[in-house]
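Enquirer: As given, the protein sequences belong to chains A and B, one line each in that order. Per our numbering, the very first residue in the first sequence carries number 1; after that it's consecutive. Per our numbering, the very first residue in the second sequence carries number 1; after that it's consecutive.
No lab work stands behind these hints: they were computed from the structure. Each hint should be verified, as a subset may be incorrect.
[What the hints assert, rightly or not] Straight-line distance between alpha carbons at most 25 Å, and here's what the computed DSS-like set of lysine-lysine pairs gives:
no. : chain 1 : residue 1 : chain 2 : residue 2
1   : A       : K280      : B       : K58
2   : B       : K61       : A       : K293
3   : A       : K293      : B       : K63
4   : B       : K128      : B       : K102
5   : B       : K148      : B       : K209
6   : A       : K280      : B       : K61
7   : B       : K221      : B       : K170
8   : B       : K61       : B       : K22
9   : B       : K232      : B       : K221
The residues making up each chain are set out below.
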Amino acid sequence: MSVALPDTPLSGHATSQVPDAEGRFGEFGRRFVPETLMHALEELTVEYAKAKADPSFQKQLDGLLHTFVGRPNPLYFAERLTHECGGAQIYFKREDLNHTGAHKINNTIGQTLLTLRMGKKRVIAETGAGQHGVATATACARFGLPCVVYMGEEDIRRQKLNVFIMRTMGAEVRPVTSGSRTLRDAINEAMRDWMASVENTHYILGSVVGPHPFPMIVRDFQSVIGKEARAQCLEATGRLPDEVVACVGGGSNSAGMFYPFVDDTNVELTGVEAGGRGPKAGDHASTLTFGNKGILHGTYSYVLQDEDGQTADVHSISAGLDYPGVGPEHAYWKDTGRVRYVNIGDKRALDTVQHVARTEGILPALESSHAIAYALERAKQRNPSDIIVVCLSGRGDKDVNEVARLTGQEL
Amino acid sequence: MAFMPFIAAGDPDLPTTARLLKELAASGADLIEVGFPYSDPIADGPVIQASYTRALAKHVKLKEIFATITGVSREIQAPLVSMVSYAIIFRQGIDAFVQEAKAAGFAGLIVPDLPGDEASGFAALMAKHQMDLIQLVAPTTPPDRAAKILKHATGFVYCIAVAGTTGVRKELAPQLAEMLKSLRTQTTLPLAVGFGISAPDQIHHLKGKADGVIVGSAIVKLLENLASDSSKTDAVLREIGSFAKTLADAAHT
Ligand SMILES: Cc1ncc(COP(=O)(O)O)c(C=O)c1O
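From just these sequences and the hints, can you work out the full model?
Expert: Okay, structure coming up:
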């Protein structure tokens, strides 16, 4: 359709009935990719619609999420943190208790089943922190599919443990040496592989980014987080939360957490981006806070780029939030005002890892601790009768080297 | 058959780009594609990607590229076409970008990440400014998609020779001949083949099937050494000129 993109935001109402058939979330989303990939994206859209409507697909997925991933995971009342803050009650949705230690596996199990359904024989993926790479390698091992994971050289250095796990699961980890050598370049490299291999290969994208239908598919597979959390909160407290909080890298754990609450207009939704070292360009990865509307990796959303359209360098203490783009549905939620986006810096995130470990006996991932840090502040401003649910997207084992290094400790 | 070389603007620097454009025109280029360096060129293989990275490392800016093209486009006969990501166009504002490109002397644009489905509005804008929007068709494009894409195509049709990124290849896609035959029945626009072409025998092989060939990586590769040693500029320009002449002769005979 028309390429004349409107510049005015939609008026303040978001619906869960997105995207449309062309992949639009309001004005955002769609497909800006080389022609070579277009047919595969159309095919994937059709196959996904069929799978979604097929009860046996859903049944197989639910079975694996239960017996292989360990779902449903609990909604946990963080009692000591709540008392310490002296305000709202804080609950954690425990995605860290999933097999492989993060929410990423919700999506990779779903997309691996799609791969099998489409008859494709090989899987590729990109990874930043390595969590998505591990989750993809794991799902592929479970189904005997060969798997190649593209990972920036810089991230390989930061996330040695996950590299080792991926290789143990039989995946090939291909170092990416172009550009910034992080997640953004790993996505470029995976897309290039896909251009040449698209006839027999499925690309399991790890977040709600990229061309349609990826932002929709990943959101749908991740929505199990919000669906469970919503039901668990009702059961435990008799009502819905007042605020739901999640960290935003590409935006998949947050999209999965928020989506089932979008039509509950009394529930405040807050996405927490990586504030890094501060608001100067290059020092953070707060795409929705500081970015502009633009195109990256095949989708139209917010992006951090310079005045010529060159993608900017980003920084975060956590490799999983270190991305200059964000999913188009978040852009839609931002412009409609449905979700508020804030940011938390490196230091607060690092301190919060240690604080949560000591106070609750839970070691959160650096990514997740951005969301928790915000929730702890927010709880202090709220009444004790209020409820805040935070997505604890992953466990912190993968970060111990980095945390030790940054706090001057020996491992 | 037309010979259409590709180079990236600003590699190793814009004055050399200007000289290179003149050299290519003098060597028999019928049209020249000017790649706009982009930080995330997903359709490009390692050679063109590296060329873009070299240009960006020297902070080449859009304004300067347009200024350079404004200077050269009047001096050479071969039309210039810009190969540019939609990310860059959109950032400028699509209307502003098209006007600037037109004013600089570009005859058309190739936007590798704006597939036919998304192109209708942009195609209308380009038509208003009397610029060609060259559309791409891939070996993975089914015939019904090709028909949709051709609706908005002007100038020529860019037929991608291999499923994959840009870069030199020995073999072209087996279905290429079929694809060209089928496109021929659907459009009267010239058909130009690109991605993977580097040698005269590949060009001969396409005789009678295609109306033009696009050669990128094989030329861009020759610029690799210039980034660190500008004393070789004259020699490399001569080398590229004679390589281009070999390819042009193969296309023209
Ligand atoms: C534990 C954890 N949380 C969050 C993220 C950020 O990704 P997203 O925003 O897609 O959830 C990652 C990414 O690797 C992660 O590993």
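Enquirer: Could you tell me which of the numbered hints above are not met by this structure, giving the numbers in increasing order?
Expert: none
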